[in-house]
Amino acid sequence: MKPILEMKGIDKSFNGIPVLQKIDFSLGEGQVVALVGGNGAGKSTLMKILTGVYARDSGRILLNGKSVNFSSYADANRYGLRMIFQELSLVPTLAVYENIFLNNEIRKGFTLDKNKMIAQTNELLESLGMRFSPNVITAGLDVGYQQMTEIAKALSAKAKILVLDEPTASLSDSEVKVLFETIRNLKTQGVSMVYISHRMNEILEISDQVTILKDGKVVADESAKNLTVADMVSHMLGGSAEKRFAWTPRKNPPTTEDMLVVQELKINGLDTPISFNVKKGEVVGIAGLMGSGRTEILETLFGIRQYTAGKIAVDGEEVKIKNVSDAVNAGIALVPEDRRTQGLVLTHTVKHNAILPVLNRIKSWVMIDEKRADAIVNEKVSELNVKTDSIHKTISLLSGGNQQKVVLGKWLSSEPKILLLDEPTAGIDIGAKGEITDIIRNFADTGNSVIMVSSELVEMMAVCDRIIILCDGKITGEYTRENIADITEEVLQNAIQG
Amino acid sequence: MQFKVNSFTDFKKRLFSHNIIVYIALVIIFAFFALTLGSTFVSVNNILNITRQTAMISIMAVAMTFVISAGLIDLSIGSTAAMSAMMVSVILRETNSIALALAGGIAVGVVVGLANGLLITKAKIPAFLTTLGMMGIVRGFAMWITNTAAVPILNPNFNFIFGTGNIAGIPVLLYWTVVFGAVGYFMLNKIPFGKHVLATGGNETAARFSGVNTDRIKIAVMVLSGAFAAFAGILYAGRMQAGRFTFGEGDELSVIAAVIIGGTSMAGGTGAIIGAITGSFLMGIINNGLILAGFTVSQQMIIRGAIIILAVAIGSRYSHFKSNKSAESRKAN
Ligand SMILES: Nc1ncnc2c1ncn2[C@@H]1O[C@H](COP(=O)(O)OP(=O)(O)OP(=O)(O)O)[C@@H](O)[C@H]1O
Ligand SMILES: [Mg+2]
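For the protein sequence lines, the chains are F and R, in the order given.
Throughout the first sequence, residue numbering follows my numbering, covering 1 to 498 in sequence.
Throughout the second sequence, residue numbering follows my numbering, covering 1 to 333 in sequence.
This is chain R alone, in the form it adopts within the complex:
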């Protein structure tokens, strides 16, 4: 076979393999708000504010990338975040120990994730139904634990480290986003675990025949998702200086949208961590810009929905190109 790759197709291929749509969308939408809203939008303060608002979504999106690329889905993350925040605030109220509070919060996520994973693999209940049920159960516990009362957090160190603090002028929440993003990127791309996840989502039978313990991979992915969601809950608690059962309501859908916009295929087998984080920021920018532009809540919802559909539509055209269902080959004639 001759190697006559012309440089344009080569470039196009690279473009597509990095799923660049989300970055283009980010630039366009950023530029649009910058031009129409001016300095209220492009101020350092506002940008940092956006990073604060999106940190939790970003962190959950990192884990959701694993979940979706393994061919699963997790709808229980918003509830898990709320339950974790309640757990943390109650433990802080009772003991004022940050270490205990962290352990308690993360434990909530691990338990929920483990339950999800076992139900999916052992009881063979589809992930969608398992986590839909779990979403209600966990939110219910979060309401029950204090009879729906909010629990203020009075530990200033906790609030600084996990919410309101700035280090060198940068919000701690941005540091956390970077840390979790880096860990996720490393796990998905650099170690065998990530490839096992992708293979499980791409073709479970082939993965199993190749010696991958696909059940264990699925359980691990659900636990990861639970734990990351629990950490997002800790950040909610720190940022709001309280635990509230309403935290994270609707987050599951924002997170899934961010992951898909970021270039991960809903069909499983592919995953893009940096794309998912960028997708989260994109959603954050849209929310922020629409509020600053003075749209009502109902208008915001409509516009946001339309943008998500548009972005995913463009993205999926492009993943068709990737899997080359002869779209490429039928340009002749």
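So that you can see chain F by itself, here it is in the shape it has in the complex:
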């Protein structure tokens, strides 16, 4: 196949540190090439160079055989290139339809044709299997919906080359399915796509060709037909260190003592009152589709959302959780779904983000003990394998997955009694996912409790002692450890679809 796009000998370094070295990459017409690699391998950087967001240090880009130089993303747009950004490019204060048509507005004479834009947005969302109002303000949407909006925005532009940088990081399987149908559709229309993901099965399912990056170099470039998940993982991580998640028995099994009891909790936004409990030392998963109420439950327990009736008891004592401070005082911590708006202070360093929740506990006299702070941060950085040149690097300059690792490390070191995890491994590479699974379980081994929400069911099946099924805001079932061992992912998938 004649390539529509070629990148040759691309080099890029930031502040003297090489991030990409002599990268060759090509894309055929109507082809889907997967770009695979660990966190910080340079995938997003390479694609930002392609779409004019970053300038390369050296190398050439050929579009239809002709050398091109994009001076900006807008410039690349004119040549038919579009990108779905990992860090989402939506303006939070605008409505969904306004975001989708930003800088691409439909006009009627001199004025905006709002009705037409809304109608087209509806169509786009429907084709993605989504039903939410184009008029809602983007900031109020859960990350999954925002991701869908970002996808719709890129699709609305009718690009010839589309880069999808981890579009599914917070989507669950059924949503991914719809997206894949869309991708196959676009393929038949001759659209070429680059697909970045850390979900190995997805990659083999959707792509024709797989290019694997490791530490800024191409280590493999093969047809997807000739690859297995194990091959890819060993290329990514080097050697044959295959890390797959599978359940292993807990060192200290859950106790019979209640850590959290939720009784007939009436949550704003859900119709049915919710009841469940979590034992000390137990890891409980809440499985459900986007919009099933899983995020609402976590947000209520953390005081972000209000409940109108019902009871919450922590460690045998009833607590009233009216705001976040109440939750924190009760020993509850939340690893939020959206790392950029809720998890991190993007303008601060890795270190200052990581120690924020524990500052009051690392004082010597009244001063912050900087040595101890550094020690804590360094420990987390190596434990979670965060790739950064220094703990004093501004966190927004880390790769997406590495930012997520800091988010997770930050709350683990705050030593709560109950840890709520909302998509804790979104965007994290397969090597680190194994580590994180261990870390979550070690945390529970010391008698703490975890409630976890993840759109990756395999992951939940590997980590959780018990999985609660949530469907349309109702708890419709529960699998205990004994049952989980007997069921497959499909069974669970069917269960959450009701």
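Honestly, the hints are just simulated from the structure, not real lab data.
Since this is a predicted model, take the numbers as computed values, not measurements.
There's no promise every hint is true.
As the list claims (entries may be wrong) - Take a look, some chain F residues computed to stay more than 10 Å from chain R by CB distance:
| # | residue |
| --- | --- |
| 1 | Gly28 |
| 2 | Ser89 |
| 3 | Thr93 |
| 4 | Ile118 |
| 5 | Asp208 |
| 6 | Glu222 |
| 7 | Ala333 |
| 8 | Lys410 |
What the hints assert, rightly or not - Derived lysine to any residue pairs resembling SDA-like cross-links, with alpha carbons at most 20 Å apart:
| # | chain 1 | residue 1 | chain 2 | residue 2 |
| --- | --- | --- | --- | --- |
| 9 | F | Lys160 | F | Ile61 |
| 10 | F | Lys311 | F | Val261 |
| 11 | F | Lys311 | F | Leu270 |
| 12 | R | Lys190 | F | Ala373 |
| 13 | F | Lys363 | R | Val42 |
| 14 | F | Lys371 | R | Lys190 |
| 15 | R | Lys190 | F | Ala309 |
| 16 | F | Lys266 | F | Leu237 |
Ideal Cβ positions, reconstructed from N, Cα and C, are used throughout, including at glycine.
Keeping the supplied structure of chain F fixed, place chain R with the ligands upon it in accordance with the hints.
For chain R with the ligands alone, kept in the frame of chain F given last:
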């Protein structure tokens, strides 16, 4: 990842992380006035005079650094200084007790700051509007308390300690500046409170989720600002040996300019105490130099405004570099 940091980029990074623009500007402008004005400007006497004139701005700028880095603003500081000076002079007239006068003056600042803080966090009124309103209210009280009459202060000890005195040849006002600067530096950089302030300004949601009581932090910052402004008012009273309702008029803008020139971002999340004090001195030097050069008041205003815009423009180019909106990365090609 390889560690191949070349020493120049490393140096450049350090330069930027300390926001050195304000220091460079200070040196250039100082040198400029020294060369053009000669010994009338570079005399020990004149330099000490500048430190006297800028002490109040410096002290308020220390607190304003907290306010701005918490993502807030305080326009009521000039009025608070005036009200505090009136309170102090009236209490001294009635009781002649320095302790009571100090307590009364600082109490004014704490009350105003607390009111600001509660309105911002509980009534959810934006800081700009809250303190804009408060600016008028407090100035009004300062006028009302004596029907706009000035109140002379006849207590020589008070005037010495808080205004006119020199110890070992150095003005007391400079000592006060150093003390407040040191306290501010310590609070912002060495204790958890400072980091909580920066996190609140950098991303309030993330800070709240991390267990920081952001409302309490905001109230504390506004109280700090009020109290420091009140102390600046005490120094005005000591220096002028009187209380006048006009003290501190327009100071809020000089203070905000000094803080921003000093390297604190208007967007919140960063703060530079020493930069803010240096920014205050820079403003003081400019004022002093322009007066000595014989410019009219109107000319002074124009030149001062232009210098502020220029300094902030250079400074913000540089903070763009820091947040690296790919300015750095697009030098190729
Ligand atoms: N603007 C920047 N300034 C400095 N370093 C940067 C910048 N952008 C990226 N980097 C560094 O370049 C490396 C590659 O980042 P990149 O975002 O391309 O990784 P990635 O492969 O997309 O990873 P992930 O899977 O986590 O998204 C990282 O180590 C990151 O810290
Ligand atoms: Mg990336």
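Please work out if Lys363(F) and Val42(R) have their alpha carbons no farther apart than 20 Å.
Outside the cut-off at roughly 45 Å; violated.
Could you check that no beta carbon of chain R comes within 10 Å of the beta carbon of Ile118(F)?
29 Å, holds
Measure nothing beyond the straight line between the CA atoms of Lys311(F) and Leu270(F); if it is 20 Å or shorter, mark the hint as holding.
16 Å, holds
Assess, step by step, whether the Cα of Lys160(F) is no farther than 20 Å from the Cα of Ile61(F), and give holds or violated.
Within the cut-off at roughly 16 Å; holds.
So Ser89(F) supposedly isn't at the interface. Is its beta-carbon more than 10 Å from every beta-carbon in chain R?
13 Å, holds
Next pair to validate is Lys190(R) with Ala309(F); report whether the Cα-Cα distance is within 20 Å.
Status violated; Cα separation ~44 Å.
Once the closest CB in chain R is found, is it more than 10 Å from Glu222(F)?
26 Å, holds
Would the pair Lys190(R) and Ala373(F) pass a check requiring their Cα atoms to be no farther apart than 20 Å?
12 Å, holds
Distal placement of Gly28(F) relative to chain R, Cβ over 10 Å:
It holds; Gly28(F) is separated from chain R by about 26 Å at its closest Cβ, greater than 10 Å.
Given the hint that Lys266(F) pairs with Leu237(F), does the C-alpha gap stay at or below 20 Å?
46 Å, violated
So Ala333(F) supposedly isn't at the interface. Is its beta-carbon more than 10 Å from every beta-carbon in chain R?
Violated, since 8 Å does not exceed 10 Å.
Thr93(F) and chain R, when compared Cβ to Cβ, separated by more than 10 Å
15 Å, holds
Violated hints for the displayed structure, listed by number in ascending order: 7, 8, 13, 15, 16.
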